[in-house]
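K.L.:
In case you want the letters, here they are:
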Amino acid sequence: MESVINKYIKAPVETAPLAVFRILFGLMMFFSIVRFWSYGWIDKLYIQPKFFFSYYGFEWVKPLGVYTYLLFIICGLAALLVALGYRYKLSIVIFFLSFTYIELMDKTTYLNHYYFISLLSFLMIFLPANATYSLDAYLNPKKSFEYVPSWTVNSIKLLLSIVYFYAGLAKLNSDWLLKAMPLKIWLPSKFDTPFIGGLLGEEWVQYAFSWSGALYDLTIPFFLLYKKTRPYAFVMVVVFHVLTRVLFPIGMFPYVMIISALIFFDASFHEKILKYFSKFLKVDDTKFNNQKVYQHFSTITAKMKMTVLIAFFAIQLIFPFRYLLYPGELFWTEEGYRFSWRVMLMEKSGYAQFKIVDGESGRWFYVDNTDFITPFQEKQMAFQPDFILEYAHFLKNHFEKDGHKNVQVFVDCQVSLNGRLSTTYIDPTIDLGKQRESFLHKNWITPFKDEIKGI
Amino acid sequence: MKKIIGALCIMTLVWACSSDSTTDDDVIIPDDQEEVSFERSAMLINWADNIIIPSYEAFSGDLDALINAFNTFKVDTNEGNLTALRSAWINAYTSWQRVEMFEIGPAESVGFQLNMNIYPTDNEKIDGFIVDGSYDLSLSSNRSAKGFPALDYLLNGLGENDAEILGFYNGDNKEGYLKYTEDVLLDMQALTATVVSDWTTGYRDTFVANDGSSSTASVDRMVNDYIFYFEKYLRAGKMGIPLGVFSGSTLPRNVEAYFDASISNDLFLEGLAAVQDFFNGKHFNSTTEGESLASYLDALNSVKNEEDLSTLINDQMNTAKSMVMDLSAFRAEIEDNNPPTNMLLAYDEVQKAVPMLKVDMVSAMSISIDFVDADGD
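Top to bottom, those sequences are chains A and B.
According to this note's numbering, the first sequence is numbered sequentially starting from 2.
According to this note's numbering, the second sequence is numbered sequentially starting from 662.
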């Protein structure tokens, strides 16, 4: 036990992997922000909509009008400063806060990989990633350390391993393994993919993709950790993520994962990269080779840091299993679905038509959703109960302000999941205006008609 | 090995930072691919050559006949010629229902639907234009004063009966009325000529060649436009809005062909038939069926072993059709019944087809509705 703690937590290791990770992470985040802006998504997703879907408890986080651009500028600059390692602590805290704020503004845009970035940047607050090859270390030799305790590098490996392994666990269900769903729907529609397009309509290919995808996610962390298999595993990482990039519109995520996976390599590999950087930038890097080992000045800060990180990882390990506390099928109710590395598991879509009834006059009418929300928001809203409820409350308030009395809100909602014919999703006799949001089970969701076995 | 890894990393970075817009123009598709479960290009050819272009040409012919009838009326504004003009108008309006849904390509770029069939028509504006004698029908603000609904007013709505209506065409401002009617007709003819000639001289090939699977591919665009038409124009425009299901009170003035008062249900049924025929790939004016959304669903379904969605959709459209066939003209249904229960029940059946198309069908085909250019995960 003692030796394990020594090896994976206390033992000094080279800082180089951490520095490479910091530089590449910062650059990728900076380009992600630039890309997001250049596509006009800030305007389209955060400025044009009149209504935004909030996370429970974060209703106060809203876009800031035109100042939303400023938020993105701050976030992008912070990412750049992280890459440079200039005032690292402050920069990574600002990056974490601004990025997370952006993600909380509208849950319509929720993506697992945005959540991953938030977690990673939170973790990085506690890592001395500026200890070498950073402006901080360059300008102030006191802050320069050639070695850091091994937990710093290992915590990133652990987070990445959790992401992969849990994503693999989530695929161990009957839809994915026995029906090859949803790939059976998605792959044939990619028939115009170069080279492999013709094969994607074949059933065996769809099963092969499903099974190898699950196997990949479950095993890749171990193959990356084991030195002998590492190079081959990394080739697999590249092949896998490039393939997902070709087949699906998943933005920056594949690149983020490929670059992150470099952390598993030995320090000598990272030193070569850094040498190359130094040569390229014509920087004298010898001053970074000072043989110093990073240590906390006070044991109290070190202990607090450890406590926070242990709690962080404990939550990471437990949180994805919270769905067990809810009755019903997870894919159907989505209670406990988000923040659990459930990636690309469902072809789910819905149609929701809201009926407004004036409780006093008895008059009723349907809502034209396009009056209030964007097509993207409508699409996301139509199959997620928490969205439906929040929108129903918004409609109730809106029409009561309009002068209607005792407004009741009903919804006719049809949802299709993984190729099953659409069925009624929400009890159409329930006045949603009277239902409250909470972490409890929403008993007005019509139970799932089929069964999906597995985790 | 390290070199390979290094090279891979650099390639990844370069790729990550290079543009990755969603169009895949540079993808070359070999022609002789084996095992594509369904030939989208065959469906596009069937749509273009056997449905869309013939429907446009037929419509264009009926519009010419309408203009001929007007020219006869113009020479001799008597009751017989007015009746003939009206029946030519009904003919062309019915035929219009077969092309209204194809708001893609040339039609989309001229705003065909918006220029031809915006109702309720603004009769006061029309009156004003006729009195002034100066107007610009190409302005988008004047769309509510032209097209079929304007003709509805000009041929059926000027007076209570034929004598009164003919009074305008033989009265003091006879020239004004004839001139305005003619201008409306010529505007419709010009727009139609543009759309038809664009389709036949180029767009057809563009449409058919764009047989990929991206969100800008012809099938994806057409399916989106098709569903949009069904939901917005057929379901809401022709039934839902006048029924008041979005406003809480009936709006009879919003019935299509309001002044005629008798053909609105026929126009709806023609529109519904066009939608259903398109779904089944039925050739224009024929019983032959080609590759279609229905056969595409069947091809996909053979892999999935689920219930037969194409049958369910056809059944639902048939139910809707028979419910609407039992109704009187929509204006009478809405004005004479409070609430218009039978029409509301028929509307519900039309409505039931929407999730089938918008959720089940597009989900099976993996087509995104109202495509939003954003990342997924």
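Hints listed in this document are in silico derivations from the structure and should not be mistaken for laboratory results.
A few of these clues could be false.
Not close to chain A: a few residues of chain B, all C-beta gaps over 10 Å, as computed [to be verified]: (1) 721; (2) 732; (3) 752; (4) 796; (5) 832; (6) 874; (7) 875; (8) 976; (9) 996.
Computed beta-carbon distance windows for the label pairs [what the hints assert, rightly or not]: (10) 402/A / 739/B: 55 to 63 Å; (11) 280/A / 1037/B: 35 to 43 Å; (12) 870/B / 323/A: 31 to 39 Å; (13) 282/A / 1037/B: 35 to 43 Å; (14) 41/A / 934/B: 34 to 42 Å.
Treat the numbers as computed from the prediction; the structure is a model and nothing was measured.
The beta carbon of each residue, even a glycine, is placed where N, CA and C say it ideally should be.
K.L.:
So which of the earlier hints does this model not fit?
P.N.:
Hint check: 6, 7, 12 fail, others pass.
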